[in-house]
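J.: Sequence:
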Amino acid sequence: MANINTAGVDPTKMGVGRAIAVLTSGGDAQGMNAAVRATVRVGLYTGAKVFFVHEGGTVIGSARCKDFQTREGRLKAAFNLVKLGVTNLCVIGGDGSLTGANIFRTEWSDLLKDLISKGKITKEEAKTSSHLNIVGMVGSIDNDFCGTDMTIGTDSALHRIIEVVDSITTTAQSHQRAFILEVMGRHCGYLALVTALACGADWVFIPEMPPDDGWEDHLCRRLTETRKAGSRLNVIIVAEGAINKEGKPITCDQLKDLVTKRLGYDTRATTLGHVQRGGTPSAFDRVLGSRMGVEAVMALLEATPETPACVVSLSGNQAVRLPLMECVYVWKYHTFFNNWNTYKLLAHVRPPETKSNINVAILNVGAPCAGMNAAVRAAVRIGIIQGHNMLAVHDGFEGLAEEKIEPITWNTVGDWTGKGGSELGTKRVLPGKYMEEISLNIAKYNIHALVIIGGFEAFSGALEMVQGRGKYEELCIPMVIIPATVSNNVPGSDFSIGADTALNTITTTCDRIKQSAAGTKRRVFIIETMGGYCGYLATVAGLSAGADAAYIYEERFGIRDLERNVEHLVEKMKTTVKRGLILRNENCNSNYTTDFIFNLYSEEGKGVFDCRKNVLGHMQQGGTPTPFDRNFATKMGAKAVLWLTEKLKECYRHGRIFANTLDSACVLGMRKRGLVLQPLAELKEETDFEHRIPKNQWWLKLRPIMKILAKYQISLDTSEHALMEHVISKKPPVHMTLTK
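Numbering-wise (the UniProt record's numbering), the sequence shown opens with residue 1 and increments by one.
Mixed in with the good hints, there may be bad ones.
Dumping the calculated BS3-like pairs for lysine-lysine here, alpha-carbon to alpha-carbon at most 27 Å [to be verified]:
(1) 83 x 120
(2) 404 x 355
(3) 574 x 613
Estimated spans, in silico, between C-beta atoms of each pair [to be verified]:
(4) 125 x 96: 24 to 32 Å
(5) 232 x 589: 45 to 53 Å
(6) 280 x 672: 43 to 51 Å
(7) 130 x 587: 50 to 58 Å
(8) 167 x 575: 38 to 46 Å
(9) 514 x 473: 56 to 64 Å
(10) 521 x 409: 21 to 29 Å
(11) 254 x 575: 50 to 58 Å
No wet-lab data here; the hints were simulated from the structure. For glycine and all other residues, C-beta sits at the position ideal for the given N, C-alpha and C.
Just need the whole structure built from these sequences, with the hints factored in.
T.: Below you can see the structure in the form of structure tokens.
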């Protein structure tokens, strides 16, 4: 990477002569520290002076600081900033904190005039600080801020909630109980809604959607039907701000009394409270905080006096900048209703009486990963809702050839959302050598469409199926591939199901390994991660865990690079930080193996630090799926079958299904801002088949950030950054009823 990027700006000089203050305000949220760390270190990297405001309130305060709510308090804050030469303010907090910061910016000129008239500052000082730039990052577990898909802290809060729900589920099944769980969120039902999606709850009460009159009867009927269908437990999720049509609160105790008296069920109610704010941040929140911190510094240093106060946030997988006050005043519509509609379909719609006479088969291909079962569950239930007959294929393409095919029902997949691994069974075998048997079984079982959930083998296997259409007409059916692999190496998607769970496993393990040396002076840990030739896990886990280096296949390295990394660690050990962390992708280099790097570091670090190594292995594929993977898999499974349903209508000709166009076999993936379907034939050109990776991978742009945060003096390309956008204003409907 060149020292001067394509915009003609040296990033290490962008902040020279500038000062940035960063503060956290309002309620705490996991991941705030990662955002602060990134803001401070990237600010210093650009040559800016960086100040950290302790405890909120001391320099600027927050909406919760009573002093700051008065003009006198804001005048004091302005004086402090002017004296420090700070004209750039990064505020990490909720809507109240950000609104307060915007008021402060609006009054800035008048505050300076008052300070001059009172003799507190000179005209020269006022001229130097003539305008105040403000950039916000939203730190809130409630995810109640418009313009961003996820606020910092939300994913970590979901981790805490799902840990409790999974534990409760175990005991509830043992005793055939009903559990009612209240979660936080103030007036926003996001945590409750996504929790309901992630655990397959029987009912969810949220403030945005008060239930229809007579909901008590409907709820009891729903719980009774679930028990009759064979379920041993019932789960009801309640947002703390849940209300009925009259605006009166719906509480845990009220629901407990209802279920106990009407149905006689053994019922327990639990209010989670502040446990949702606690614990270490998830990998997602660490990476989100780091990415947003970098974007915040760039937004501040690129701002002009005319630039409005903005919020940096995430839309899909894309960093965006949005006018702060537009976000404050617009209701969070799009993300909420996507989740609401998915939940409604999966939990509150009775299968239709009329059938479509369509048979859809689902199979898992490749290595198992957490979240596969959630995708199968969503696909099966959406298929049944569409009137289709759903078929389970065991053991991947091999099972399709060997007739391991059977019907799969609504209740079969009931508790699959939180299960790790693959309940259907999965193998890496490709279909090439079984093509005749597969085509015969597709005809025998009258299969009209395929949902293929898996990793690179699912992608390459589906390509083989498409190539076989010329010889076997039975293969001329619509197919959709849902990427599911810890390696995150499937072309056509920024994320694969299972990768987030693996990242959290690696990050948590790295935390524990580093903590094991808390009482030991000067130690470096070398950790090997999975991923095949794809360096996603090593890179993003490195960013999440604060690694000093991450070696990957995509970024070639040699002995000089290894030498520089050792020298960097030697210098680091002279500071107060006495631990180092190195991540190595398993296939990054056939000669520079984990043992080689361990031996090199051990030899070169003699007398300065000692080394330990750890190969994480298959623990990265195991465990229960994270909330992100459960939610992502659920949406992917639902979207896949809805797309197939429409594609089947297009392909119905002369009384039968015939699909041989390029767009009849697609990968469903997350690309930048949303879910998209891309034909396999197009993605073939974007694929490095020898190394089983896409030719272009978005996450490589995160590597310079990881190195800058590790205090390496490298170049950062600032030519591609988020532009200021506007929030699309949508008013929510008065209410949306649950289908009975």
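J.: For this structure, which hints from the list above don't hold up?
T.: 6, 10
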